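Asks: With the hints as constraints, model all of the structure from the sequences given.
Protein sequences appear in the order of chains A and B.
Residue numbering for the first sequence follows the numbering used here, starting at 1 and increasing by one per position.
Residue numbering for the second sequence follows the numbering used here, starting at 1 and increasing by one per position.
Honestly, the hints are just simulated from the structure, not real lab data.
Some clues are possibly wrong.
Claimed, not checked - Heads up, incomplete: computed chain A residues facing chain B, CB under 10 Å, no partners named: (1) Met1; (2) Ala557; (3) Ser568.
Stated by the list, open to error - Computed Cβ-Cβ distance ranges for the label pairs, DEER-style: (4) A:Glu413 / B:Thr217: 42 to 50 Å; (5) B:Ile249 / A:Ser490: 26 to 34 Å; (6) A:Lys437 / B:Lys359: 32 to 40 Å; (7) A:Ala589 / B:Asp585: 55 to 63 Å.
Because the structure is a prediction, the values reported are computed rather than measured.
Just so you know, even glycine gets a beta-carbon here, dropped at the ideal spot from N, CA and C.
Each chain, letter by letter, is given below.
Protein chains: 2
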Amino acid sequence: MDSHTVGVLGGGQLGRMLVEAAHRLNIKVAILDSENAPAKQINQIAAAAHITGSFANAEDVRHFAAKADVLTYEIEHVDTQVLEALDSESPFVEDSQSWRRIQPSWRTIRQIQDKFVQKQHFAENGIPTADSKGVGTTSPQGLKEIGLELGGLPIMLKARTQAYDGRGNYPIMNLSDIEPALRALADRPLYAERWASFKKELAVMVVKTKQEANVDTYEQITLPFPVTETIHTDSICKLTFTPPRGVPIKIQRQAQDLARKAVASFEGTGVFGVELFLLEDDSIIVNEIAPRPHNSGHYTIEACHMSQYEAHLRAILPGLADTIEPGATDLAVNAAVMLNILGGPEPNSHLLVAKAALKVPGAKIHLYGKGDGRPGRKMGHITIVGKSMSEVERKIHPLIITADSVRAHKHSERTSDEAIQATADELLKLNPAPPEKPLLAIVMGSDTDLATLRPGLELLDKMPIPYLVTITSAHRTPQHMLNFGKAAASRGFKAIVAAAGGAAHLPGMMASETTVPVIGCPVKASSMDGLDSLFAIVQMPRGIPVATVGIANSTNAILLAARIIGTSEPKVQEWLAAHLQQMDDENMAKAARLESEGWQTYKKLDQAMPLSFK
Amino acid sequence: MDSHTVGVLGGGQLGRMLVEAAHRLNIKVAILDSENAPAKQINQIAAAAHITGSFANAEDVRHFAAKADVLTYEIEHVDTQVLEALDSESPFVEDSQSWRRIQPSWRTIRQIQDKFVQKQHFAENGIPTADSKGVGTTSPQGLKEIGLELGGLPIMLKARTQAYDGRGNYPIMNLSDIEPALRALADRPLYAERWASFKKELAVMVVKTKQEANVDTYEQITLPFPVTETIHTDSICKLTFTPPRGVPIKIQRQAQDLARKAVASFEGTGVFGVELFLLEDDSIIVNEIAPRPHNSGHYTIEACHMSQYEAHLRAILPGLADTIEPGATDLAVNAAVMLNILGGPEPNSHLLVAKAALKVPGAKIHLYGKGDGRPGRKMGHITIVGKSMSEVERKIHPLIITADSVRAHKHSERTSDEAIQATADELLKLNPAPPEKPLLAIVMGSDTDLATLRPGLELLDKMPIPYLVTITSAHRTPQHMLNFGKAAASRGFKAIVAAAGGAAHLPGMMASETTVPVIGCPVKASSMDGLDSLFAIVQMPRGIPVATVGIANSTNAILLAARIIGTSEPKVQEWLAAHLQQMDDENMAKAARLESEGWQTYKKLDQAMPLSFK
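Replies: Below you can see the structure in the form of structure tokens.
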């Protein structure tokens, strides 16, 4: 597909997944890392080009660079001096005089390596981020003053370099934390950051396909992957949920735009991982950025049309960067969850999580070939994709419990798998998997409407549809009703059946607050034989539709809901087709019986017939 | 995950994809094949265990077997004598005295290798397959008589062994084909098969998790992957579509059951590929079976919860076979298409297809690392998954054209990429991609109803929904109307808006023939101000629902359809949410204007307001 050899500085799990993507495209990748590094294990074809050494060692990098046409990174802790020198010696790919050999640029790596420089870079480029100050002092009084300049405590004291997975961060919640913080991070270059009070951590992978750094043209030079919600424990990424739960699409678009602008501000091509904070006021700031594929983008392997690894490879190669079309980075599924498998107390404790995953249909296991586990070491991950967030949340639940149990034992000595499993079993009892989320809501204004709904509900019980039946009145609990409508789409309802009689406002009012289809079932009230209810439900103003069924015909209300759900749930459509056929068969049988028995004896038997056209 | 080393006889593309799956599970796989075979290229960790040699050579197999705990195949043309001997020397996996080392059994391979024996085996086990007769004769007269015994010409003359991708098959359409057929297949053991007049070729991958051969317990010892439709050109698999297009679910279930029974009749575990014919009368017969992952199962990598490769590895390992739960082999997407990339006239001609795929968002490229292409050689494949068959058909279309163009040139000498591309450009002009299939149908009984539908249609034109508007009358074209309804679900419609006035039978009759939600829009006819239409539409019998909107309110009919489609199309739901917000904003603006301008001057301006609550 492409004849260039890609040299990757670092051969951990990110390198391994880059190699995996490269194999599918038949692109040659060479690795600079220790012998038997995860990325090397799965790459025999480039064995001759691998170098055993360190990406942090200038001589090794120089030696390695001679074997690769394009150089890139799977880790940013590299020696940028030697990269700068290599770039000035031979800046371009030999057969493509317009394409830089080192992608993204060593300047980008240098800016990102020093987190304080990174923050200043964002500020200069108009990218919102937490205010920060360099810490030149080692005196508590000096740091206290910096804290005051940042608006007072709490603040976060951070090492400027060599910090990852929370190492190098020290939160200063009150004055007594200042001295221990300075001691903990002694001898390192430091900076202090204003405390970001976020309600969610988000991440966006962005692929940059042009060399130039230009925030203004971010729409031309970058494409975003979906927004993902990240959950950290002990400062290490534990889970990602895509799309982020409970984050409106408008805010997701804002997050993608901000991430693209942040990435557009750096030189060179490739995938960048952008960590964001969603603040209490719904504004978004950039936390930090990684100039490479990122843990929070693992989900893209199964969930997106193109993985972050393929995107990175294509973006750094001269002939392929321009082939990445809009849409390529989109989700191919409705929901995805990723769980990191971290090392536990024993070398193989983490395998408990992978083994539990074997039993979960749809759990995609990725083990990195790292050998022995250590507490907190990233040994693998699991991705589950599905039709809904509710589905993937339910499937991942027992695996989170197992991972939590491994973590709970991480400092124990000689912990058997059985002990960890016992913890998991106990936790699962305390915290069982959430029930399947309902796809259909049936609401009524008063419990007197239940009699009308009963035939429909009895039929519903035979269908493969999880549902919720509740009471909410347009007149007695108007606010509750509006709130129910507002939340309906994000709760995952695909239809709402609303029954009401008389003035019958419930279906129409519910429909005013949601984009979910509302089915109105007119109940016969005290007068007019239900005609009042029918008109109150069906004659909605233009703009707000209610799907109205016949007076008191709850069977049809439920069947209509099933038809709606069946448009995206093949099992439900299959049930409905069988039901149509059954009604057909029943009616033909009735006809045959009526013809053969005569009308005189027919009536009694009719009572025995199930459902449908009675 | 598992400490056993899996030895694979053969290291082509199937072996390569097995290795890929093994890496994710951290399972060690060793390969017996020539140096630099595709599977070895991506497997450094087992390099020491690989053997350079042939899976058909007994000595090589014996030498290789010593290095592996479990032996399996990626090709059935292996020496079963040596496998039989190995099995009698050490039948079980060393640390698991109940698990056979050779999976599936050498007996299974031997039965399948000889296609006539395979057919007889099916017949003995009650598996429907084409009638066949061994051909002991080399005389045309003898073959003619066999043809008569099989019910007359046409028949298919087939080599019993070493036949694949159509090589070894010779169709005898009439008497004059007999002599050339015998010449073409001279010196090979032959059999003759009754001609199967099929309307579709299907395939089902089946994973078998127990050692025993028992057709009766097929539900306990096998799990099926989805049914896939295979398209062959020049007897080589060209495309697969999953689920199969236009095949009712009932028939798909029958195909899966038949495939499971066929596989259950063989000894040992692993994945089997079952090729089926769907005959003109909707019955299904088994064509042939492969005791390994299969070309027609490549799609499972992206489309199913578990790939056929992972399923094979897990099924052959003692500790993992029982972890494959029902559901694990299901589709995780709605539709998938797979296109084989075959070699063309020049060593790299096939890369044209892969390069075209780079431009198609969602096209997953797999190149096998086979080096130079030759006409017809399988060099790679492309899989596209999506929300609907229509979507994946449109996306794959230009790639099929490119593949066809490579094939059209396959026997040309020195054909440049430009010449092939020119052919592709021309073909694409003659045969452009099919238009996006409509998700919404709007039907009316007469063109006089168009006036009522117009406001809704004008709004629909602003929505991201492909649609069809047509005329079909319950009374003037009843059969056409019923046919339209019958085909609606398989055409991919997610909603039907039906407008009718007066007796207004159209919506209800349409709803009687489909599981797709039907929205009824009552048109004001000559009398009763539309009340007659409303009642005729809304008061349906129990069992057949019509979603009825207000009299002449086509805007709401379309908005309701959009809400239904929005339950599975996030873009549509996003549009609707913005539209709700816009209506809210407009109304608030009107309120503000009315308050500030006073009611006296208000009316004129109202005309300028767009859509919604006028």
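Asks: Run every hint past the structure and note whether it holds.
Replies: Quick rundown of the hints versus the structure:
Hint status for Met1 (chain A): holds, given a least beta-carbon distance of 6 Å to chain B, under 10 Å. A hinted interface residue such as Ala557 (chain A) counts as satisfied when its beta carbon comes closer than 10 Å to some beta carbon of chain B; here the least separation is about 7 Å, so the hint holds. With a cut of 10 Å, the hint placing Ser568 (chain A) at the interface with chain B holds, because the nearest CB-to-CB distance is about 3 Å. With their beta carbons about 47 Å apart, Glu413 (chain A) and Thr217 (chain B) fall inside the hinted range of 42 to 50 Å.
The supplied range of 26 to 34 Å is met by Ile249 (chain B) and Ser490 (chain A), whose beta-carbon atoms lie about 32 Å from each other. Range check, Lys437 (chain A) to Lys359 (chain B): about 38 Å between beta-carbon atoms, so the 32 to 40 Å window is met. Taking the beta carbon of each, Ala589 (chain A) and Asp585 (chain B) are about 57 Å apart, inside 55 to 63 Å as hinted.
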